[in-house]
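Can you make the complete structure from the sequences, with help from the hints?
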Amino acid sequence: MKVLVAVKRVIDYNVKIRVKADNTGVETANVKMSMNPFDEIAVEEAIRMKEKGAATEVIAFSAGPAQCQETIRTALAMGADRGILVQSDAELQPLAVAKLLKAVVDKEQPGLVIVGKQAIDDDSNQTGQMLAALLGWSVGTFANKLNVADGTVEVKREVDGGLENIKIKMPAVITTDLRLNEPRYASLPNIMKAKKKPIETLAPDALGVDVAPRLKTLKVEEPPKRKSGIKVKTVAELVEKLRNEAGVI
Amino acid sequence: MAVLVVAAHDGKTVRANVANAVAAAAQMGPEVHVLVAGSNAGEAAQSAAAIQGVAKVLQAEDAAYANWLAEDIAPLVVKLAPNYSHVVMAADSVGKNIAPRVAAMLDVAQVSEAIQVVSPDTFVRPIYAGNAMATVQSADKIKIVTVRPTNFKAAVGGGSAAIEQIEGTGSAGLSSFAGAELSKSERPELTSAKIVVSGGRGLQSGENFKMLETLADKLGAGLGASRAAVDAGYVPNDYQVGQTGKVVAPDLYIAIGISGAIQHLAGMKDSKTIVAINKDEEAPIFQVADYGLVGDLFQLVPELTAAIEKK
Ligand SMILES: Cc1cc2nc3c(=O)[nH]c(=O)nc-3n(C[C@H](O)[C@H](O)[C@H](O)COP(=O)(O)OP(=O)(O)OC[C@H]3O[C@@H](n4cnc5c(N)ncnc54)[C@H](O)[C@@H]3O)c2cc1C
Ligand SMILES: Cc1cc2nc3c(=O)[nH]c(=O)nc-3n(C[C@H](O)[C@H](O)[C@H](O)COP(=O)(O)OP(=O)(O)OC[C@H]3O[C@@H](n4cnc5c(N)ncnc54)[C@H](O)[C@@H]3O)c2cc1C
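Residue numbers (the numbering used here), protein chains in the order written: chain A, 1 to 249; chain B, 1 to 311.
Be a bit skeptical, because a hint or two may be false.
As the list claims (entries may be wrong) - Some, not all, of what chain A presents toward chain B, calculated at C-beta under 7 Å: (1) 30; (2) 126; (3) 166.
To be verified - Derived lysine-lysine pairs resembling DSSO-like cross-links, with alpha carbons at most 27 Å apart: (4) A:169 / A:50; (5) B:184 / A:225; (6) B:141 / A:227; (7) B:79 / A:169; (8) A:241 / B:272; (9) A:216 / B:141.
These are computed hints drawn from the structure, not numbers from a lab. All C-beta atoms, glycine included, are put in the ideal place defined by N, C-alpha and C.
Shown next, in the form of C-alpha cells:
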C-alpha cells in the first residue's frame, strides 16, 4: 500500500507574524518557513506504517511555489521515499489543494492519504475533509491514534467532549491531531540521503485543475490590541479587584 | 432565500452553540431554518424550535445519523443546500468535520470560523492564530460558513418554530461508530462557562490539577489547559485551549502556570478579564493579563481559593 502525505510550507510557528502595511496580507519576505507542524505528524505516521510493514511507499506532496521543494526534502529526510511538487505561485485555497491532491491520488492510487488537521497559517481545517468528499472516500479527522487492519482503519478522534472511535473503510483520508505521535528529527545521514531521492514537479494545468481562488481576500488587518493591565502584589488585592473593579466574581 | 443552520445535538437538546450559530445566520439572510438530523432526535428538534429567530426546524430521522458520521450527514445537507443561500455550522469538532465535506461536494469554498458577518457574502475570520484578521468575500452561489460561537451573542429561547419531518438519505456504508471516551465532568462546559480556570506545564502533574479543580468548583468555573499540560497527560485532550484546541471567551479567565505562547493566546485573548499567575514576571501571558500575580502557584492558588471562600 502506498501512503500519500501532504506537507505544506508555512511560516514557522515560532515567528511573530506581521500584517503588511498595505493590508493585503502577511509579511512573508525574509521570514523563517517550515513544514506545517501537523504535517510533520502526518509524515511520521506514514513512515511508522512503512517501518511496521503496513505501507510499501511514502510519497510526500506539496503545492505552492518552487521553495516547497525544501519542505518535501524535509519529509524525504524524515523517511518518505519520493516527492511530488505541484508548482504554482498562485494563492492556493483548500478546495484547489484538495483538487490537486485528488488528481495525484487518481494517478498514484494510495490506500491512505494523511494530511494535517489544519495549516497554522490560514487555519482553515478543510483540505482533508474536502479531498475525501471529492474522492467519495471516508475520512478520519483529528486522529489521536490509528490502527490499520484488513482494509479498515480504526481511528481514535479528538472531539469536543473527549475521544471518539470510528472504523472507516479504506482507501481513506486521515487528518492528524497533535497527540497522534511525536515526529522524529531527521538525522544528518538521512538528510544527505534525501538529496538523492526523486521529486517530480507538475503544473496544475497538466493535472487539469483550475486553482483560481473562490474566496477573495478584501483586506488583512491587525487584531484589536488588549489594553495592558496591571500587576497586583497579593491575593487579597487580586480578589478585591476582581470583585469591585472587574465585577466578575 | 433562507439560511440553513446544521445543529449538533445529543438527542435531547441541540448544543448550546447552535443558538450562537442561529444569531450569526440571522445576519446572513431573512429567515433561518435549523436541520436536526438524528435517530430519535425529537426532543432535540424541539429544543431547536425554541430558539428565537428560527422559522422552521427540519427533523431528519435515520438510524445512520445517530453518531454524526460525516460520510452520512453530508449527503443530507448537500441535498437540502440548493434551497438555501447559506449553510452555517458552529466551528466545533462536528462543524469542522462536516462543513468542508459539504462544501467540496457542492464544489464551493468554505469560510472557516467567521467572527463577523460584514454582509451576506463577506466575513471576517482570524488567520495565523488570530494574529491577523482577514476579510473575505465569497462569490459562490451557496455559501458554506462555520462561525466561531463566542463571537455571536446567543439567540434567546422562547420561540416556537414549526417542526417538519424530512426524509433521511441513509448510510453511505463507509464508516461506523465504535464508541466514545468522553470526559466526565459536573463542571460547566469550557466554551460556554462564564469563568474558566486553566492550568499549564507549571502544574507539574495531573495530581496537582486537583488544586485547580477545587478553585474552579469554588468559582463555578470550567477547567481548561495549555497544550503542554495535555501533551504531558495531566488532563484529557478536550481541555486544550488555543489555536488548535478550543476557543473560549468567558467573563473571567485565570491562567495558572501558563507561559502565554501565541498558540495559547489565540484561544483565550477575547476573554473579558484575564488573570495570570506565573512565577516568571517576564512571561508573555502578562502582556494580555488585566491582573498579573507574580509568584509560586503552589502557594498562591490555595491562598486564592481560601480568599474566595471567605467572600
Ligand atoms: C490573505 C491571504 C493571502 C494569501 N496569499 C497567498 C499567496 O499569495 N500564495 C499562497 O501560496 N498562499 C496564499 N495564502 C494561503 C492560502 O490561501 C492557504 O494556503 C489556503 O487557503 C489553504 O488553507 P490552509 O492551508 O489553512 O488549509 P487547511 O485545510 O488548514 O490545511 C490542512 C492540511 O492540508 C494540507 N495542505 C493544505 N495546503 C497544502 C499545500 N499547499 N501543499 C500541501 N499540503 C497542503 C496540509 O496537510 C495541511 O496540514 C494566502 C492566505 C491568505 C489568508
Ligand atoms: C502546531 C502547534 C499547535 C499548538 N496549539 C496549541 C494550542 O492550541 N494551545 C496551547 O496552549 N498551545 C498550543 N501549542 C503549544 C504552544 O506553542 C506552547 O508550547 C504551550 O502553550 C506551552 O504550554 P505552557 O504555557 O503550559 O508551558 P510552558 O511554556 O512550559 O510554560 C509553563 C509556565 O509555567 C510557569 N511556572 C512553572 N512553575 C511555576 C510555579 N511553581 N508557579 C507559577 N508559575 C510556574 C513558568 O514560568 C512558565 O511560564 C501549539 C504548538 C504548535 C507547534
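Structure-based check of each hint:
{"no.": "1", "hint": "30", "result": "violated (17 Å)"}
{"no.": "2", "hint": "126", "result": "holds (4 Å)"}
{"no.": "3", "hint": "166", "result": "holds (6 Å)"}
{"no.": "4", "hint": "A:169 / A:50", "result": "holds (20 Å)"}
{"no.": "5", "hint": "B:184 / A:225", "result": "violated (36 Å)"}
{"no.": "6", "hint": "B:141 / A:227", "result": "violated (41 Å)"}
{"no.": "7", "hint": "B:79 / A:169", "result": "holds (23 Å)"}
{"no.": "8", "hint": "A:241 / B:272", "result": "holds (14 Å)"}
{"no.": "9", "hint": "A:216 / B:141", "result": "holds (14 Å)"}
In this structure, the earlier hints numbered 1, 5, 6 are contradicted, and the remaining ones agree with it.
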